[in-house]
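All chains should be built: construct the whole structure from the sequences, respecting the hints.
Number of protein chains: 4
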Amino acid sequence: MNIGFIGLGNMGGPMALNLAKAGHRLHVFDLSQLAVAQLVEAGARSLDSPAAVARAGVEVIISMLPAAQHVKSVYLGEDGLLANVPKGVLLIDSSTIDPHSAREVAAAASKQGNPMLDAPVSGGTGGAAAGTLTFMVGGAAADFDRAHPVLSAMGRNIVHCGDSGNGQVAKVANNMLLGISMIGVAEAMSLGVSLGMDAKTLAGILNTSSGRCWSSEINNPYPGVLENAPASRGYSGGFGSDLMLKDLGLATEAAKQIRQPVILGALAQQLYQSFSLQGHGGLDFSAIIKLYQKDL
Amino acid sequence: MNIGFIGLGNMGGPMALNLAKAGHRLHVFDLSQLAVAQLVEAGARSLDSPAAVARAGVEVIISMLPAAQHVKSVYLGEDGLLANVPKGVLLIDSSTIDPHSAREVAAAASKQGNPMLDAPVSGGTGGAAAGTLTFMVGGAAADFDRAHPVLSAMGRNIVHCGDSGNGQVAKVANNMLLGISMIGVAEAMSLGVSLGMDAKTLAGILNTSSGRCWSSEINNPYPGVLENAPASRGYSGGFGSDLMLKDLGLATEAAKQIRQPVILGALAQQLYQSFSLQGHGGLDFSAIIKLYQKDL
Amino acid sequence: MNIGFIGLGNMGGPMALNLAKAGHRLHVFDLSQLAVAQLVEAGARSLDSPAAVARAGVEVIISMLPAAQHVKSVYLGEDGLLANVPKGVLLIDSSTIDPHSAREVAAAASKQGNPMLDAPVSGGTGGAAAGTLTFMVGGAAADFDRAHPVLSAMGRNIVHCGDSGNGQVAKVANNMLLGISMIGVAEAMSLGVSLGMDAKTLAGILNTSSGRCWSSEINNPYPGVLENAPASRGYSGGFGSDLMLKDLGLATEAAKQIRQPVILGALAQQLYQSFSLQGHGGLDFSAIIKLYQKDL
Amino acid sequence: MNIGFIGLGNMGGPMALNLAKAGHRLHVFDLSQLAVAQLVEAGARSLDSPAAVARAGVEVIISMLPAAQHVKSVYLGEDGLLANVPKGVLLIDSSTIDPHSAREVAAAASKQGNPMLDAPVSGGTGGAAAGTLTFMVGGAAADFDRAHPVLSAMGRNIVHCGDSGNGQVAKVANNMLLGISMIGVAEAMSLGVSLGMDAKTLAGILNTSSGRCWSSEINNPYPGVLENAPASRGYSGGFGSDLMLKDLGLATEAAKQIRQPVILGALAQQLYQSFSLQGHGGLDFSAIIKLYQKDL
Numbered sequence: 001m002n003i004g005f006i007g008l009g010n011m012g013g014p015m016a017l018n019l020a021k022a023g024h025r026l027h028v029f030d031l032s033q034l035a036v037a038q039l040v041e042a043g044a045r046s047l048d049s050p051a052a053v054a055r056a057g058v059e060v061i062i063s064m065l066p067a068a069q070h071v072k073s074v075y076l077g078e079d080g081l082l083a084n085v086p087k088g089v090l091l092i093d094s095s096t097i098d099p100h101s102a103r104e105v106a107a108a109a110s111k112q113g114n115p116m117l118d119a120p121v122s123g124g125t126g127g128a129a130a131g132t133l134t135f136m137v138g139g140a141a142a143d144f145d146r147a148h149p150v151l152s153a154m155g156r157n158i159v160h161c162g163d164s165g166n167g168q169v170a171k172v173a174n175n176m177l178l179g180i181s182m183i184g185v186a187e188a189m190s191l192g193v194s195l196g197m198d199a200k201t202l203a204g205i206l207n208t209s210s211g212r213c214w215s216s217e218i219n220n221p222y223p224g225v226l227e228n229a230p231a232s233r234g235y236s237g238g239f240g241s242d243l244m245l246k247d248l249g250l251a252t253e254a255a256k257q258i259r260q261p262v263i264l265g266a267l268a269q270q271l272y273q274s275f276s277l278q279g280h281g282g283l284d285f286s287a288i289i290k291l292y293q294k295d296l
Numbered sequence: 001m002n003i004g005f006i007g008l009g010n011m012g013g014p015m016a017l018n019l020a021k022a023g024h025r026l027h028v029f030d031l032s033q034l035a036v037a038q039l040v041e042a043g044a045r046s047l048d049s050p051a052a053v054a055r056a057g058v059e060v061i062i063s064m065l066p067a068a069q070h071v072k073s074v075y076l077g078e079d080g081l082l083a084n085v086p087k088g089v090l091l092i093d094s095s096t097i098d099p100h101s102a103r104e105v106a107a108a109a110s111k112q113g114n115p116m117l118d119a120p121v122s123g124g125t126g127g128a129a130a131g132t133l134t135f136m137v138g139g140a141a142a143d144f145d146r147a148h149p150v151l152s153a154m155g156r157n158i159v160h161c162g163d164s165g166n167g168q169v170a171k172v173a174n175n176m177l178l179g180i181s182m183i184g185v186a187e188a189m190s191l192g193v194s195l196g197m198d199a200k201t202l203a204g205i206l207n208t209s210s211g212r213c214w215s216s217e218i219n220n221p222y223p224g225v226l227e228n229a230p231a232s233r234g235y236s237g238g239f240g241s242d243l244m245l246k247d248l249g250l251a252t253e254a255a256k257q258i259r260q261p262v263i264l265g266a267l268a269q270q271l272y273q274s275f276s277l278q279g280h281g282g283l284d285f286s287a288i289i290k291l292y293q294k295d296l
Numbered sequence: 001m002n003i004g005f006i007g008l009g010n011m012g013g014p015m016a017l018n019l020a021k022a023g024h025r026l027h028v029f030d031l032s033q034l035a036v037a038q039l040v041e042a043g044a045r046s047l048d049s050p051a052a053v054a055r056a057g058v059e060v061i062i063s064m065l066p067a068a069q070h071v072k073s074v075y076l077g078e079d080g081l082l083a084n085v086p087k088g089v090l091l092i093d094s095s096t097i098d099p100h101s102a103r104e105v106a107a108a109a110s111k112q113g114n115p116m117l118d119a120p121v122s123g124g125t126g127g128a129a130a131g132t133l134t135f136m137v138g139g140a141a142a143d144f145d146r147a148h149p150v151l152s153a154m155g156r157n158i159v160h161c162g163d164s165g166n167g168q169v170a171k172v173a174n175n176m177l178l179g180i181s182m183i184g185v186a187e188a189m190s191l192g193v194s195l196g197m198d199a200k201t202l203a204g205i206l207n208t209s210s211g212r213c214w215s216s217e218i219n220n221p222y223p224g225v226l227e228n229a230p231a232s233r234g235y236s237g238g239f240g241s242d243l244m245l246k247d248l249g250l251a252t253e254a255a256k257q258i259r260q261p262v263i264l265g266a267l268a269q270q271l272y273q274s275f276s277l278q279g280h281g282g283l284d285f286s287a288i289i290k291l292y293q294k295d296l
Numbered sequence: 001m002n003i004g005f006i007g008l009g010n011m012g013g014p015m016a017l018n019l020a021k022a023g024h025r026l027h028v029f030d031l032s033q034l035a036v037a038q039l040v041e042a043g044a045r046s047l048d049s050p051a052a053v054a055r056a057g058v059e060v061i062i063s064m065l066p067a068a069q070h071v072k073s074v075y076l077g078e079d080g081l082l083a084n085v086p087k088g089v090l091l092i093d094s095s096t097i098d099p100h101s102a103r104e105v106a107a108a109a110s111k112q113g114n115p116m117l118d119a120p121v122s123g124g125t126g127g128a129a130a131g132t133l134t135f136m137v138g139g140a141a142a143d144f145d146r147a148h149p150v151l152s153a154m155g156r157n158i159v160h161c162g163d164s165g166n167g168q169v170a171k172v173a174n175n176m177l178l179g180i181s182m183i184g185v186a187e188a189m190s191l192g193v194s195l196g197m198d199a200k201t202l203a204g205i206l207n208t209s210s211g212r213c214w215s216s217e218i219n220n221p222y223p224g225v226l227e228n229a230p231a232s233r234g235y236s237g238g239f240g241s242d243l244m245l246k247d248l249g250l251a252t253e254a255a256k257q258i259r260q261p262v263i264l265g266a267l268a269q270q271l272y273q274s275f276s277l278q279g280h281g282g283l284d285f286s287a288i289i290k291l292y293q294k295d296l
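So the protein lines, in turn, are chains X, G, E and C.
Under the numbering used here, the final residue of the first sequence carries the number 296; numbering is consecutive throughout.
Under the numbering used here, the final residue of the second sequence carries the number 296; numbering is consecutive throughout.
Under the numbering used here, the final residue of the third sequence carries the number 296; numbering is consecutive throughout.
Under the numbering used here, the final residue of the fourth sequence carries the number 296; numbering is consecutive throughout.
Derived by calculation from the structure, the hints in this document are not laboratory data.
Watch out, some of these pointers could steer you wrong.
Derived DSSO-like pairs: lysine-lysine, alpha-carbon spacing no greater than 27 Å straight-line [stated by the list, open to error]:
1. G/Lys246 - G/Lys72
2. C/Lys290 - X/Lys290
3. E/Lys294 - E/Lys246
4. C/Lys290 - C/Lys200
5. C/Lys246 - X/Lys290
6. X/Lys111 - E/Lys72
7. G/Lys111 - G/Lys87
8. C/Lys246 - G/Lys72
9. C/Lys294 - X/Lys290
10. E/Lys246 - E/Lys290
11. C/Lys294 - X/Lys294
12. E/Lys294 - G/Lys246
13. X/Lys246 - C/Lys290
14. X/Lys72 - E/Lys111
15. E/Lys246 - G/Lys294
16. G/Lys290 - G/Lys246
17. C/Lys246 - G/Lys246
18. G/Lys290 - E/Lys290
19. C/Lys246 - X/Lys294
20. X/Lys72 - E/Lys72
21. X/Lys294 - C/Lys290
22. X/Lys246 - E/Lys72
23. G/Lys111 - C/Lys72
24. E/Lys246 - X/Lys246
25. X/Lys72 - E/Lys246
Below you can see the structure in the form of structure tokens.
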């Protein structure tokens, strides 16, 4: 299949590579020549603008961009995708942005005859490279079906979340809960250890009790509990604290727009902001436990 | 085995019944004649004070009381257990109290030659009746081994948490995390549904993603997501909000004593306090979602 | 002086009337015919668009609009003020918006030769009618001097806060602190009264101690403490809870953009959002004490 | 007048000295010989136990102790004050403790014929030395009148707060509000300065607007705003952060006992706990602004 791909960064690059490996013919654009070169080496065709990608005769265009402003610019800009793409081409935006903006762009696309899906991912750069991402997809069922084989080349778990924007809704809701849970685990582990318990014993109990969650089982923030978790290697790698901060910001912003309280969510955002102020934004988000244990 | 049992309330009653069913000879005390009568019917011997239980020739005494003040009074009071019990009798307190008090009472018992374990439970009245409780046990390993067959008649999961007091530590750490997670799930579900997602679809995504936790999987607070959860029957039954409030109070108090911050834990306590002020303290603790969705 | 005025709502209407009373010749625009009619009765000239106001031969144009999107549209829109106003005309925006947007619009104005000031107010509709508003003004000192006599016809306290945008900065910082203080007073009064103190006695002590603040002295949230405060008339009138919510949203949004934690500010926003969800957004912002005392 | 005084620490020492200077005959006890020596030099008589003070023929006994456990021990202990004091002697406890304990001790005193007042102070060690403390007094009006001349030798502002315990209630309510306000000012100043405002200009605006409070006017946390505030001398002197933490702990504990939510109060406590964990507990409580500005 001829597929356009815009945005070849830490996530987009390996995703596009997986599409190429799967045998698709890629037509790519990125501002970084280095990023483009890697794809060209894998057989992709380099184009010099989103508009050129739109006019390259592709069936599907996938974008992976840093924030809503870039998505709006690439899709809605004067010489952007919508101004150049033929009717019927399927548009898939995998950027993580607020649901409101996602719906706005999708509505504009739909108005001129292009089906559009929001399809943010979870799984990080590791999942992007391994092709094991989860895609949370919002849009019409028929378009989801059409996108499924393409997304399957990049991910393992492709979930239809409902109408347009709902992929982003699922992503921000999940990641807000993740941020809250991680801080909750950090507090529970700190409290228990400070009160005299062995960290591994405590984690074992939480994981077989009602406190268990992904953050206690898979990414426990206490060093030494899980050998392969970021906590056991100085909090390097993993999902960065500043990325969690960004997602919490999307969640509280989306909540504000619909007048929905998210009390712990807002506090979690502030705690990650404080943590970032202390200079730790680049560490895995489990490092938030440093707010609670000065020796970690 | 001859076993003393003090405190035959909603939890202690069914726990003692399971011991009786397992063939043990029980010597019981409770202020409520009604509670005692049920046990007598099951073959137990009724005694008129903790002191009488202490002198009844038992090998083990188990207590299940509402709060630290009752535990201190029953064990340390002028005519209490310690003033009357022969050396060597094993004492097991299954009340949920603060770790500091648990250690204080155990130290007093140890000083006069009685091994003591703190062994708070999780699993609620359902688990007490079914004999499927989890026991989190603090104390010496040899005493834990001695208690194991007795506790096994009342629970399915008997966990040694380390030294004296650590059973209580595990309990408060777990339940603080549980309270935080539940509010986090309530916020994530409310946000997602308010932004347009179907509740069941959203829960399904959380449960297969990094937001998953006991509160999203087993006791999801959104009505209709889980047929058998309290949320689907008006939040009746389950683990009451006021009990969660009590446990959050134990956690923040224990944290204060050791100067350990628990930021989300303290906020969770306040939110359950606010919820209780609105008159909802008797509902299952998943009902906290009512703070976020006025129509639930 | 010939003065243009755009936005004649609850605040803008009485502000413009005070300018008319002071002898200025007004050229006004508002979408509401009723609002315009009141000003015409007072001698103002009605125009049918911001563009018409821009071309009306005025020396100064003042705008008073609900939110940043309206300000951007009126100033930067295709047929907006900047596209039509002659060089040198002084532009004053008294809307309360985020500092970033204020600076963006002022920079665009400056680029084409129009000095611009951000000049949000405090004092509410009462201050607008009485001409006793406080103006917090951001922009060049010379422009501030030029604006001073005009603003003095509408307010009593005209403060220069520094460069462009700083009027908005002062406003959001002050109102965030105000929201936090009000909730703090609500909690302190609720705690003291629930613990057995007389409300007036407690307020008297706070007001002569280190807890004193505008919210305890001038707008005490406990009914009966201050005869003329909203709390003593069912929380009607005053500064609405939903307006406080809006300002807290501006504060946390501005903080997010510069990566500045505002922990209590974010929690105050969430509490006002919860209060609004309960249907109380129209009450004076001191009514937030209802979250703490179910009988108030 | 013959006056007993128990507890001659940083606060009690200078308070007792002021009584001596006013011509009263003091009979004192403290565990520290050094503290006692200073009073003896000023003419006081040294006694070797609270019991001895109780039997020394005094009309009034004043105590100034660190925490509730010391107050209970001194008053209710086996050989304590109540076991030894003649009927009718007026007892005044100036310690800052929880209202519940204060009422418990006063009730025991009253039962055996001794009127008792709780009379915690504000004003710090400076106010204690200068004799300018504020006394917040709980107890019967006649006892308050009797105590007034004695307290006036140590303080300037002697306030009757109502029945027994209400002095403590006023103190914890005021100090909880103070802690919240200080953090609020820290956030507002940090936000404004980070957004580009001059700190003094911003403080000036807050202090003439609705955000004004004791913490912005008298103890502004931003360095350089007030020449004589702790912020301008490295946060030395003043009211220590760990003392604020203690008072916030008393407030949230008192709130818990009566099931009263204090949401910002609890969060303020946690933030001061976090600040203390970072090793800053000895700095003036305005230093909490360091949580928000990494360069301060």
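The hints, checked one at a time:
no.: 1; hint: G/Lys246 - G/Lys72; in the structure: 18 Å, holds
no.: 2; hint: C/Lys290 - X/Lys290; in the structure: 17 Å, holds
no.: 3; hint: E/Lys294 - E/Lys246; in the structure: 25 Å, holds
no.: 4; hint: C/Lys290 - C/Lys200; in the structure: 18 Å, holds
no.: 5; hint: C/Lys246 - X/Lys290; in the structure: 23 Å, holds
no.: 6; hint: X/Lys111 - E/Lys72; in the structure: 26 Å, holds
no.: 7; hint: G/Lys111 - G/Lys87; in the structure: 10 Å, holds
no.: 8; hint: C/Lys246 - G/Lys72; in the structure: 26 Å, holds
no.: 9; hint: C/Lys294 - X/Lys290; in the structure: 16 Å, holds
no.: 10; hint: E/Lys246 - E/Lys290; in the structure: 19 Å, holds
no.: 11; hint: C/Lys294 - X/Lys294; in the structure: 17 Å, holds
no.: 12; hint: E/Lys294 - G/Lys246; in the structure: 21 Å, holds
no.: 13; hint: X/Lys246 - C/Lys290; in the structure: 23 Å, holds
no.: 14; hint: X/Lys72 - E/Lys111; in the structure: 26 Å, holds
no.: 15; hint: E/Lys246 - G/Lys294; in the structure: 21 Å, holds
no.: 16; hint: G/Lys290 - G/Lys246; in the structure: 19 Å, holds
no.: 17; hint: C/Lys246 - G/Lys246; in the structure: 22 Å, holds
no.: 18; hint: G/Lys290 - E/Lys290; in the structure: 17 Å, holds
no.: 19; hint: C/Lys246 - X/Lys294; in the structure: 21 Å, holds
no.: 20; hint: X/Lys72 - E/Lys72; in the structure: 18 Å, holds
no.: 21; hint: X/Lys294 - C/Lys290; in the structure: 16 Å, holds
no.: 22; hint: X/Lys246 - E/Lys72; in the structure: 26 Å, holds
no.: 23; hint: G/Lys111 - C/Lys72; in the structure: 26 Å, holds
no.: 24; hint: E/Lys246 - X/Lys246; in the structure: 22 Å, holds
no.: 25; hint: X/Lys72 - E/Lys246; in the structure: 26 Å, holds
Checked against the numbered hints above, the structure breaks none of them.
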